[in-house]
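Participant: Below are the chains, spelled out letter by letter.
Number of protein chains: 2
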Amino acid sequence: MFFAMNRFQVRLGHEEEFEEVWKSRDSRLKDVPGFVEFNLLRGPSNDTYTLFASHTLWASRADFEAWTKSQAFRDAHRSAGEHRHMYLDGPHFEGFDSVHHIK
Amino acid sequence: MFFAMNRFQVRLGHEEEFEEVWKSRDSRLKDVPGFVEFNLLRGPSNDTYTLFASHTLWASRADFEAWTKSQAFRDAHRSAGEHRHMYLDGPHFEGFDSVHHIK
Numbered sequence: 023m024f025f026a027m028n029r030f031q032v033r034l035g036h037e038e039e040f041e042e043v044w045k046s047r048d049s050r051l052k053d054v055p056g057f058v059e060f061n062l063l064r065g066p067s068n069d070t071y072t073l074f075a076s077h078t079l080w081a082s083r084a085d086f087e088a089w090t091k092s093q094a095f096r097d098a099h100r101s102a103g104e105h106r107h108m109y110l111d112g113p114h115f116e117g118f119d120s121v122h123h124i125k
Numbered sequence: 023m024f025f026a027m028n029r030f031q032v033r034l035g036h037e038e039e040f041e042e043v044w045k046s047r048d049s050r051l052k053d054v055p056g057f058v059e060f061n062l063l064r065g066p067s068n069d070t071y072t073l074f075a076s077h078t079l080w081a082s083r084a085d086f087e088a089w090t091k092s093q094a095f096r097d098a099h100r101s102a103g104e105h106r107h108m109y110l111d112g113p114h115f116e117g118f119d120s121v122h123h124i125k
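Chains as they are written, first to last, in our numbering: chain A, 23 to 125; chain B, 23 to 125.
Chain A extracted, bound-state conformation (with noise of 0.2 Å):
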C-alpha cells in the first residue's frame, strides 16, 4: 500500500471554503486504476492557520505515479491556482509506504 498526502497550512477564515472546493471537485478518482481510499484531513490550528492535509491510499506507488501522468490528474487540477489566496504554505507532497499493519 502506498500513502499519497499533501499538507496545506489554509489562513484562519477559509476552512469552510478550503473544504467546498475538495467536495465540489469532480475528481473521477474511483475509475482510477489503483485507487484504494481518499480522506481530506482537517488537523489542528494554531493562531495563523489550519492544517489539512489530502490522504490518498492506493495499491502501489506506481499506480499514484500513473495517476499523476493521466489526463484525469490533468483535470482534476485544472483550477488549483484559483485556490492559492487560501493557503499560506503548502501543498508539500510526502509518499509513505507502508512497512507494518494491524487491522
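What the hints contain is simulated information worked out from the structure, not anything from laboratory work.
There could be a bad hint or two in this list.
Treat identical chains as interchangeable: a pair holds within one or across any two.
As a list, the in silico SDA-like pairs of lysine to any residue whose alpha-carbon atoms are at most 25 Å apart [claimed, not checked]:
hint, residue 1, residue 2
1, 125, 37
2, 125, 46
3, 125, 100
4, 52, 41
5, 52, 98
6, 45, 33
7, 45, 116
8, 45, 73
9, 91, 70
10, 125, 42
11, 125, 68
12, 91, 29
13, 45, 97
14, 91, 101
15, 91, 39
16, 125, 113
17, 45, 121
Dock chain B against the given chain A, drawing on the hints supplied.
Facilitator: Below, chain B alone, put in the same frame as chain A:
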C-alpha cells in the same frame, strides 16, 4: 473518523531498527474500543533522516482519547525512552478529522 498521526525523523541507518520496534511491539490495539486500523508509514529520506509516520485510524476522537488514558496505552509506551537514539526529532503528534471521504 479520526486520524492520529505521529511523525518521526529517524536517523539514517536506523530505519530497520525503528521498524523492528514497531513490528515486535505487542500493542493490543485490536482489543481497544474504536480502533479501526494502524499503519507504520515510511516516507522520504534526505541527507540526515528518513521521515516515518505512525498512522492510526479511530472511529472517533473520543475513542482515541480514551485509549491514551488506558493501561494498554501505558504498557505499549513503557519502553519508548529506550529508542530515543534513533530519532533526530519527534514524535510530533497531529490529530485529524476526516471532512470528506471517497471510497
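Participant: Against each hint, give a clear statement of whether it holds in the structure.
Facilitator: How the hints compare with the structure:
no. : hint      : result
1   : 125 / 37  : between (32 Å within a copy, 23 Å between copies)
2   : 125 / 46  : between (31 Å within a copy, 16 Å between copies)
3   : 125 / 100 : between (37 Å within a copy, 22 Å between copies)
4   : 52 / 41   : within (19 Å within a copy, 32 Å between copies)
5   : 52 / 98   : within (13 Å within a copy, 37 Å between copies)
6   : 45 / 33   : within (18 Å within a copy, 38 Å between copies)
7   : 45 / 116  : both (22 Å within a copy, 23 Å between copies)
8   : 45 / 73   : within (17 Å within a copy, 30 Å between copies)
9   : 91 / 70   : neither (34 Å within a copy, 30 Å between copies)
10  : 125 / 42  : between (31 Å within a copy, 18 Å between copies)
11  : 125 / 68  : neither (32 Å within a copy, 30 Å between copies)
12  : 91 / 29   : within (21 Å within a copy, 29 Å between copies)
13  : 45 / 97   : within (15 Å within a copy, 40 Å between copies)
14  : 91 / 101  : within (17 Å within a copy, 44 Å between copies)
15  : 91 / 39   : neither (28 Å within a copy, 35 Å between copies)
16  : 125 / 113 : between (30 Å within a copy, 22 Å between copies)
17  : 45 / 121  : between (31 Å within a copy, 9 Å between copies)
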